[in-house]
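Student: Here my numbering is used: position 22 in the sequence shown is 528, and no number is missing along the way.
Take these hints with a grain of salt, some might be off.
Here are the computed lysine-lysine pairs in the DSBU-like style, where the Cα-Cα straight-line distance is at most 30 angstroms [what the hints assert, rightly or not]:
no.	residue 1	residue 2
1	Lys775	Lys715
2	Lys671	Lys645
3	Lys671	Lys595
Calculated from the structure, these hints are not laboratory results.
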Amino acid sequence: MPTVLISLFSCALAAALLAQHAANRRLRAELRQREEQGDAQAQRLRWLNELVVTMPVPTFIKDAQSRFVMMNQACEQMFGVPFDSLQGKIGEEFWPPEQMAAFLANDRASFAARGLVVREELLWDAGLNASRQVQTFKKPMFNAVGEPEMLIGMFIDISEREQAKAALQTSLRQLRELSDYVEMARENEHQRIAREAHDELGQTLMALKIDVSMLHARTRPSHPLLHAESRRVLATLDHSIAVVRAIINELHPSTLELGLPAAVDWLLKRIRRDSGLVCRLHLPEEIAPQQLEQRRTWAVFRIIQEALADIGATAQASHVDVSLRMLNDTLFLSISHDGLPSRFNDGSDLAKIAIRERIAAIGGELDDRGADPSCVLSARLPGRKKEREAAASPSDPGLAA
507 MPTVLISLFS CALAAALLAQ HAANRRLRAE LRQREEQGDA QAQRLRWLNE
557 LVVTMPVPTF IKDAQSRFVM MNQACEQMFG VPFDSLQGKI GEEFWPPEQM
607 AAFLANDRAS FAARGLVVRE ELLWDAGLNA SRQVQTFKKP MFNAVGEPEM
657 LIGMFIDISE REQAKAALQT SLRQLRELSD YVEMARENEH QRIAREAHDE
707 LGQTLMALKI DVSMLHARTR PSHPLLHAES RRVLATLDHS IAVVRAIINE
757 LHPSTLELGL PAAVDWLLKR IRRDSGLVCR LHLPEEIAPQ QLEQRRTWAV
807 FRIIQEALAD IGATAQASHV DVSLRMLNDT LFLSISHDGL PSRFNDGSDL
857 AKIAIRERIA AIGGELDDRG ADPSCVLSAR LPGRKKEREA AASPSDPGLA
907 A
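Assemble the whole structure, with the sequences as input and the hints as a guide.
Tutor: Structure (structure tokens):
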């Protein structure tokens with residue numbers, strides 16, 4: 507009996523020793539695997555560090571909590587802060603609170619999108635003691651179970667580009683203002699010449715016509731030759747007066763003083779009389795002259811005049827509809843016809859470009875939304891109140907945040 511017990515105990519002990527040996531072997535294998543994985547991870551980190559260091563653009567790496575774990579020299583120069591001062595931190599002591607809030611919000615947006623996120627941000631440069639405008643590219647990385655692990659980011663300085671863009675916008679705005687000023691100066695000059703032509707030349711011709719009419723009446727029984735000659739002179743005077751009136755209306759129609767609807771109605775009737783083009787004015791409600799500045803009335807009238815001239819020359823249309831509607835201190839203008847489609851919004855010829863510039867110069871906008879196929883021009887133009895508000899608060903062409 508003791509011999510059997512000893513044998514059983516020996517067998518159990520041997521089995522336990524074998525199991526322990528196998529467990530030790532598995533543990534050593536697992537330790538070797540972890541060491542190899544650690545070496546591989548360290549190697550990958552060294553490679554990543556070398557890659558980041560050699561990148562020509564500012565590049566950084568953050569952990570899942572937006573703490574800096576790596577950056578290259580270009581990034582240090584752009585930040586104006588050495589990496590040693592930022593390592594393991596989010597950097598709240600180096601950037602203004604509003605910029606830090608934007609950085610962290612964009613980091614979270616990148617992790618939430620689980621893909622590349624591109625943003626424009628303002629970045630305080632401690633070295634320059636000024637903010638730069640940068641375009642950032644942030645790409646999140648996740649571990650095997652899908653949890654956020656790190657954020658790889660790089661950015662480029664677009665301050666000069668944005669400054670150049672702002673300068674270009676300022677130049678365009680000034681050019682449009684200059685163009686508007688030149689147009690208004692020309693319109694004022696036309697008005698002055700038209701008034702002087704009416705007061706001086708027109709009145710002189712009318713006085714001369716009265717004198718010749720009296721001569722014509724008195725010479726009928728006694729001077730037939732003089733009577734016939736005076737009749738010819740009267741015809742010449744009538745033609746001259748008609749020409750002067752046409753010139754005055756071409757320079758500055760007197761109906762402009764009655765408001766935009768009256769002036770446009772006169773223009774459409776004249777076009778129909780001269781060319782046979784059927785023009786109709788649609789006016790859902792009356793537009794009072796005081797709802798538009800005088801310069802705006804003149805400008806819109808010239809826009810309609812030039813648009814109708816272009817339609818008459820190129821569209822082969824037989825009917826044209828002009829609609830004017832004032833709503834919430836905004837003038838809505840639309841022109842449609844039954845001819846060849848050629849929208850003023852995208853035309854490349856000089857006439858269409860000139861009309862678009864005229865609209866932009868007075869703060870108007872072309873409208874493409876839901877346009878009827880027959881509608882060749884649709885625009886929104888600010889009224890008197892909005893124009894004064896815009897003049898009182900000029901836009902700042904500085905860098906956008």
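Student: If you test the structure against every hint from before, which numbers come out violated?
Tutor: 3
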